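There are 2 protein chains.
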Amino acid sequence: MIRPLLVLLLFLSSLTAAAECLTRGTGDLGIVIERASGSIKVLDTTRHEVLFHIEELGDLSHASAVYSRDGRYAFIFGRDGGLSKVDILCGTIVKRLVQGGNSIGGAISQDGSLVAVSNYEPGGVKIFSSEDLSPVAEIPATPLEDGEKRSKTVGLVDAPGQRFAVSLYDTGESWVIDMQDPKAPAIRRFTDIGRLPYDALITPDGRYYITGLFGQDGLSLLDLWYPEKGPRLILENYGKGEEKLPVYKMPHLEGWAIAGHRAFLPAVGRHEVLVVDMSDWSQVARIPVHGQPVFVMARPDGRQVWVNYAFPDNDTIQVIDTESMQIVKTFQPGKGALHMEFTPRGEEVWISIRDKDEIQVYDTRTLEQTHSLPAEKPSGIFFTSRAHQTGL
Amino acid sequence: MIRPLLVLLLFLSSLTAAAECLTRGTGDLGIVIERASGSIKVLDTTRHEVLFHIEELGDLSHASAVYSRDGRYAFIFGRDGGLSKVDILCGTIVKRLVQGGNSIGGAISQDGSLVAVSNYEPGGVKIFSSEDLSPVAEIPATPLEDGEKRSKTVGLVDAPGQRFAVSLYDTGESWVIDMQDPKAPAIRRFTDIGRLPYDALITPDGRYYITGLFGQDGLSLLDLWYPEKGPRLILENYGKGEEKLPVYKMPHLEGWAIAGHRAFLPAVGRHEVLVVDMSDWSQVARIPVHGQPVFVMARPDGRQVWVNYAFPDNDTIQVIDTESMQIVKTFQPGKGALHMEFTPRGEEVWISIRDKDEIQVYDTRTLEQTHSLPAEKPSGIFFTSRAHQTGL
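As they're listed, the protein sequences go chains Y and P. The numbering used here numbers the first residue of the first sequence as 50 and each following residue consecutively. The numbering used here numbers the first residue of the second sequence as 50 and each following residue consecutively.
Some clues are possibly wrong.
Heads up, the list lumps identical chains together, so a pair's fine if it works in one copy or across two of them.
[Claimed, not checked] Each computed EDC-like pair below joins lysine to aspartate or glutamate, with the alpha-carbon atoms no more than 20 Å apart:
1. LYS405 - GLU69
2. LYS378 - ASP364
3. LYS426 - ASP362
4. LYS198 - ASP136
5. LYS278 - GLU372
6. LYS198 - GLU321
7. LYS198 - GLU105
Note that these hints are calculated values from the structure, not bench results. Model, not experiment: these values are computed from the prediction.
Generate coordinates for the entire structure from the input sequences, incorporating the hints supplied.
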């Protein structure tokens, strides 16, 4: 009797272990980065609950995340070059590797099969299988003049057609990497895009790759529908502009808000949100705001943009009506209001408040807070709906 | 020894029953309606596999579906007034009720808490809890002159701000139903929108509610950002137009394709796709096509639109390049090419081929077929990414 019972018990315990994972949909889940402790929390946006706390993810300052196409796995890019695949239904780290010395972000390919990381050190892009993080391709950046180092890579995004776009900080280039054949990446290099590209974004339709420049005013625009036309400079006063100002923090470009045919973007160093007509990339308005904007995020319907600010104004959030271009609400949720993420259909926005160790949830109709969740020094919030969006 | 063993076995069997459900992400799943057999299949879009076959869903001709915000549950609206909540992780019907005599579609509220159904008989909208399908509100349509019947309701969609929009076929109205307080629906009624509205759509940003008119030319446009301005007639020649033509099938309006600032829409009765500038709703082009278009669907990046046709041309699909407005491919996948659904980031399109009892999958870059899946007389295909989109 002992032997069958033992077998039963072993079988039972294996089932019990499996039962610690959740059987549930993933469409309403997300994660928040806890930067100081190198951990994340898994969030349920329907019940406004924390489902899991996952530790030992390395240095998560400036960390970002993308999702597998099924929404179950988050790929987390740490500043220390760490790449972690996390199972948000089980609350476990599936695999973690330190793939570079200093990484600045990543992307997942259109078909979900490839995860790419842009590195400062060694400068270049590494591409891994999303299945097991095994290496697929390594794309070294242009060597610097000393012949030893290579350019830092920044602004890595996915693009339609199984492509990635990335910019090279030191050498002023944008590269489009076609991964249709994973064994033979096809790279198209655009040089002289402008001085010291520091970040980039791709428009939600995946057409325009826009790079911010640290070394000069203006932005570099590459139309991925017509790459043969090459990059061109737009918004030639974007940056420090005619009067030079101290810049406390370069704004995040992925924080561009697109509402209808207009883009709302953070001015560099100025207390302004700029409004640009995307049909000809002309500036149509400047909206005076509370501080130096960091993220300018559009509610998914484009009717509002929410703005947070650099230190010393990072205790404040403002909401702008995109039609009247008026500020409709200014409030102080707490010091270190670092990041905002809208639920996919826009009824709520979740805001990380670092110095209160909490996430605050706001109803975007009433503009009132409805919930609060605990998190240790929270920064970036990433919902699984990003799995379905180009460039996020 | 018998009693504990029995308890163990019972516990084991309960675990085994639970284990029949899948522990996996829902972001890459979908369903296909099998209209003749009143069944659906659950689809895995990553592995191109059928996961479950679910029967006894009633009359599924013209059936449609929406998803819970977690992506786990599909709400299926049958022509027979059936409303079914299906668990796509377990392959089971959670609940099914026949809520009306003849229903024409449904929607899920912005926050995912409410499911609404528009009925022909009795004419009106019924609203249910998405949790257990318990009744929440009943909104009867305007009575007809005979005093007995009420207007049929059509073109029901969700809108931002926890609202629904619906049109009344017999009385020529559009209603906006605000469900912020579920116990007290606030209804705003717009009369004289045009004769015999038969279907409607909401633009992906949730701003414009556009109703097709069976009884006259033109379309009714309601700007939900400024409802006080009321509806107005746009595209005044839209419909049969100056030369009257036989119409084999009124096109589906939810098949409007929006690419940048342009909409591509099926002409009524004509072998044409119309191109409209959404900034002023003027017609900018007519593209000659193979037959009377039914669905005109944009690839998510807006670079292509795919078109299928009414009988006798329903064996053909055409692909239009939205920049050149040229047809780049015409092919015959089989008779009864009824519905097309793009994967959320656009790398594939899945097409129901009724008379071949299969779904064909195409790579949207090469325009070649890559996979085939079995399905019995398939019609509508609905992927879980719709959970994150307004109006789908």
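The hints, checked one at a time:
1. Proximity of LYS405 and GLU69 under a CA criterion of 20 Å is satisfied in neither setting, with 31 Å inside one chain copy and 43 Å between copies.
2. Taking the shortest Cα distances, LYS378 and ASP364 sit within 20 Å of each other inside one copy (14 Å), while across copies they are farther apart (54 Å).
3. Taking identical chains as interchangeable, the C-alpha atoms of LYS426 and ASP362 lie at most 20 Å apart only when both belong to the same chain, with a minimum of 17 Å there against 60 Å between chains.
4. In the homo-oligomer, the alpha carbons of LYS198 and ASP136 never lie at most 20 Å apart, since the shortest distance is 36 Å inside one protomer and 54 Å across protomers.
5. Only between protomers do LYS278 and GLU372 lie at most 20 Å apart by alpha-carbon distance; the minimum there is 15 Å, versus 33 Å within a single protomer.
6. Taking the shortest alpha-carbon separations for LYS198 and GLU321, neither the intra-copy value of 37 Å nor the inter-copy value of 58 Å comes in at or below 20 Å.
7. For the homomeric pair LYS198 and GLU105, neither the shortest alpha-carbon distance inside one copy (30 Å) nor that between copies (65 Å) is at most 20 Å.
When the structure is compared with the earlier hints, violations turn up for hints 1, 4, 6, 7 and for no others.
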